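**Q** Spelled out, the chains give:
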Amino acid sequence: MEEKQSTFEEFCLPHLDAAYNLARLLVNRDQDAQEIVQEAYLRALKIFKRFHGEDARAWILLIVRNTALSWLKKQPGNAKIVPSDKVIHSVPLEVSASEASYGERERQLHEALTRLPIEYREILIFRDVEGWSYKQLASALNLASGAVISRLSRARQRLWEEVTRVQDRKKSQNGV
Amino acid sequence: MECEEIHRLLNAYLDGELDQERQLEVERHLILCASCESLAREHQELRAFFKIGAIRYKAPLQLKAKILAAAQREEAKQRFAFLRQSWIYATAVITLGLFLALNILFPDTQKEFFARRLCATHTRFPRMTWCKLPHRSRRS
Numbered sequence: 001m002e003e004k005q006s007t008f009e010e011f012c013l014p015h016l017d018a019a020y021n022l023a024r025l026l027v028n029r030d031q032d033a034q035e036i037v038q039e040a041y042l043r044a045l046k047i048f049k050r051f052h053g054e055d056a057r058a059w060i061l062l063i064v065r066n067t068a069l070s071w072l073k074k075q076p077g078n079a080k081i082v083p084s085d086k087v088i089h090s091v092p093l094e095v096s097a098s099e100a101s102y103g104e105r106e107r108q109l110h111e112a113l114t115r116l117p118i119e120y121r122e123i124l125i126f127r128d129v130e131g132w133s134y135k136q137l138a139s140a141l142n143l144a145s146g147a148v149i150s151r152l153s154r155a156r157q158r159l160w161e162e163v164t165r166v167q168d169r170k171k172s173q174n175g176v
Numbered sequence: 177m178e179c180e181e182i183h184r185l186l187n188a189y190l191d192g193e194l195d196q197e198r199q200l201e202v203e204r205h206l207i208l209c210a211s212c213e214s215l216a217r218e219h220q221e222l223r224a225f226f227k228i229g230a231i232r233y234k235a236p237l238q239l240k241a242k243i244l245a246a247a248q249r250e251e252a253k254q255r256f257a258f259l260r261q262s263w264i265y266a267t268a269v270i271t272l273g274l275f276l277a278l279n280i281l282f283p284d285t286q287k288e289f290f291a292r293r294l295c296a297t298h299t300r301f302p303r304m305t306w307c308k309l310p311h312r313s314r315r316s
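Chains as they are written, first to last, in our numbering: chain A, 1 to 176; chain B, 177 to 316.
Derived by calculation from the structure, the hints in this document are not laboratory data.
Keep in mind that this is a model prediction, so the values were computed, not measured.
Don't be surprised by glycine CBs; every beta carbon is placed ideally from N, CA and C.
One or more of the hints may lead you astray.
[Unchecked claim] Just some of the chain B residues that point at chain A, by a computed CB distance under 7 Å: (1) G192; (2) G229; (3) A235; (4) S262; (5) A266.
[As the list claims (entries may be wrong)] With a Cα cut of at most 27 Å, we get these calculated BS3-like pairs of lysine-lysine: (6) B:K227 - A:K135; (7) A:K73 - B:K234; (8) A:K135 - A:K171.
[As the list claims (entries may be wrong)] Here's a subset of chain B near chain A, in silico, CB distances under 8 Å, partners left out: (9) E193; (10) R217; (11) L222; (12) I231; (13) R232; (14) Y233; (15) A241; (16) E250; (17) K253; (18) A257; (19) R260; (20) G273; (21) A277.
Kindly produce the complete structure, drawing on both the sequences and the hints.
**A** This is the structure:
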């Protein structure tokens, strides 16, 4: 058992930052993210004998994602997917380096991300933060390859819309 | 390919995730269609400006310690997990019941008789083994 635990630590603990980052971006609050990661790691320990030494990072991240989804389901008013067949239209974003500093941009983007339905958030994180291929996304999220293309497309579209909203709100607060 | 289809595939195209044939089709369309080409450029600019990958939270230091402590608790729990199985208690109760029943059913005299017989059968066995030993080894 001790040997099992040390192997588990060896495989899974190096990905703790990625696991926490995923949980934090999915649920947004530090304390909730910590609880989710802790629960996910315990789940992982229990089912570690079923892990055959493939991609430990992807394995632990999927457990974190599933734990976060179960946690979100228990929360009242959790973000649900808003189906939309809208294709991508031009979004009037003001992309100028002078307007938003790097830190400010990051904050705006994070705020916009947290406003997205969870299905959009997770696919964007797995693609843009973790760099998963469409094939990996399809297999992990149990989607057809066409569905990955459409969902990612809609997710990006919604993200740009939300970023515009965040920017507009900020402008109106500053009285511009 | 129609513009609508290009809009649908634009993200996958920019991610380099289309198969070669479709990648070339989109490319050809973008050369010919100014509106789609401008949309593609806009998407590229947005991606370059807002990098989701740049948002990275580091796990708080105490989280690792919490996980290790919880894992140790879980390990201890799993080590004594057999105690939570009801068949162990059932077996213990049945054994105790049998012991009590035997005590009630057989009085002390009979128990002594059984004990003597048991001793006799167990002590006879080594003697028999000794008898079968070869003469030389007995002398030595």
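**Q** For every hint, state whether the structure bears it out.
**A** Results of checking the hints against the structure:
1. Checking B:G192 against chain A: minimum C-beta separation of about 10 Å lies over 7 Å; hint violated.
2. Here the hint on B:G229 is kept, as its CB sits about 5 Å from the closest CB of chain A, short of 7 Å.
3. For the restraint placing B:A235 at the interface with chain A, the shortest Cβ-Cβ distance is roughly 4 Å, inside the 7 Å limit, so the hint holds.
4. The beta carbon of B:S262 comes no nearer than 21 Å to any beta carbon in chain A, farther than 7 Å, and the hint placing it at the interface is violated.
5. Hint status for B:A266 relative to chain A: violated, with the closest Cβ pair at about 26 Å, above 7 Å.
6. Straight-line distance between C-alpha atoms of B:K227 and A:K135 comes to about 22 Å, which keeps the hinted pair within the 27 Å bound.
7. Between the alpha carbons of A:K73 and B:K234 the distance comes to roughly 25 Å, so the proposed pair stays at or under 27 Å and holds.
8. Under the criterion of a C-alpha separation no larger than 27 Å, the hint pairing A:K135 with A:K171 is inconsistent with the structure, at around 40 Å.
9. Interface restraint check for B:E193: the shortest CB-CB distance to chain A comes to about 4 Å, inside 8 Å, so the restraint holds.
10. A least Cβ separation of about 11 Å between B:R217 and chain A goes past the 8 Å threshold, and the interface hint is therefore violated.
11. Because the smallest distance between the Cβ of B:L222 and any Cβ of chain A comes to about 6 Å, under 8 Å, the interface hint for this residue holds.
12. Interface restraint check: B:I231 against chain A, minimum CB-CB distance 6 Å, threshold 8 Å, status holds.
13. For the restraint placing B:R232 at the interface with chain A, the shortest Cβ-Cβ distance is roughly 6 Å, inside the 8 Å limit, so the hint holds.
14. The beta carbon of B:Y233 is positioned within 8 Å of a beta carbon in chain A (closest approach about 5 Å), and the interface hint is therefore held.
15. Proximity of B:A241 to chain A is violated relative to the hint, the smallest CB-CB distance being about 11 Å (cut-off 8 Å).
16. With 8 Å as the threshold, the beta carbon of B:E250 comes within range of chain A, its nearest partner Cβ sitting at about 6 Å, so the hint holds.
17. The interface hint given for B:K253 is broken, as the beta carbon of that residue sits about 10 Å from the closest beta carbon of chain A, more than 8 Å.
18. The interface hint given for B:A257 is broken, as the beta carbon of that residue sits about 11 Å from the closest beta carbon of chain A, more than 8 Å.
19. Given the 8 Å rule on beta carbons, the hint for B:R260 is violated: about 15 Å separates it from the nearest Cβ of chain A.
20. Hint status for B:G273: violated, given a least beta-carbon distance of 35 Å to chain A, over 8 Å.
21. Because the closest C-beta pair between B:A277 and chain A is about 40 Å apart, greater than 8 Å, the hint is violated.
This entry does not satisfy hints 1, 4, 5, 8, 10, 15, 17, 18, 19, 20, 21, going by the numbered hints stated previously.
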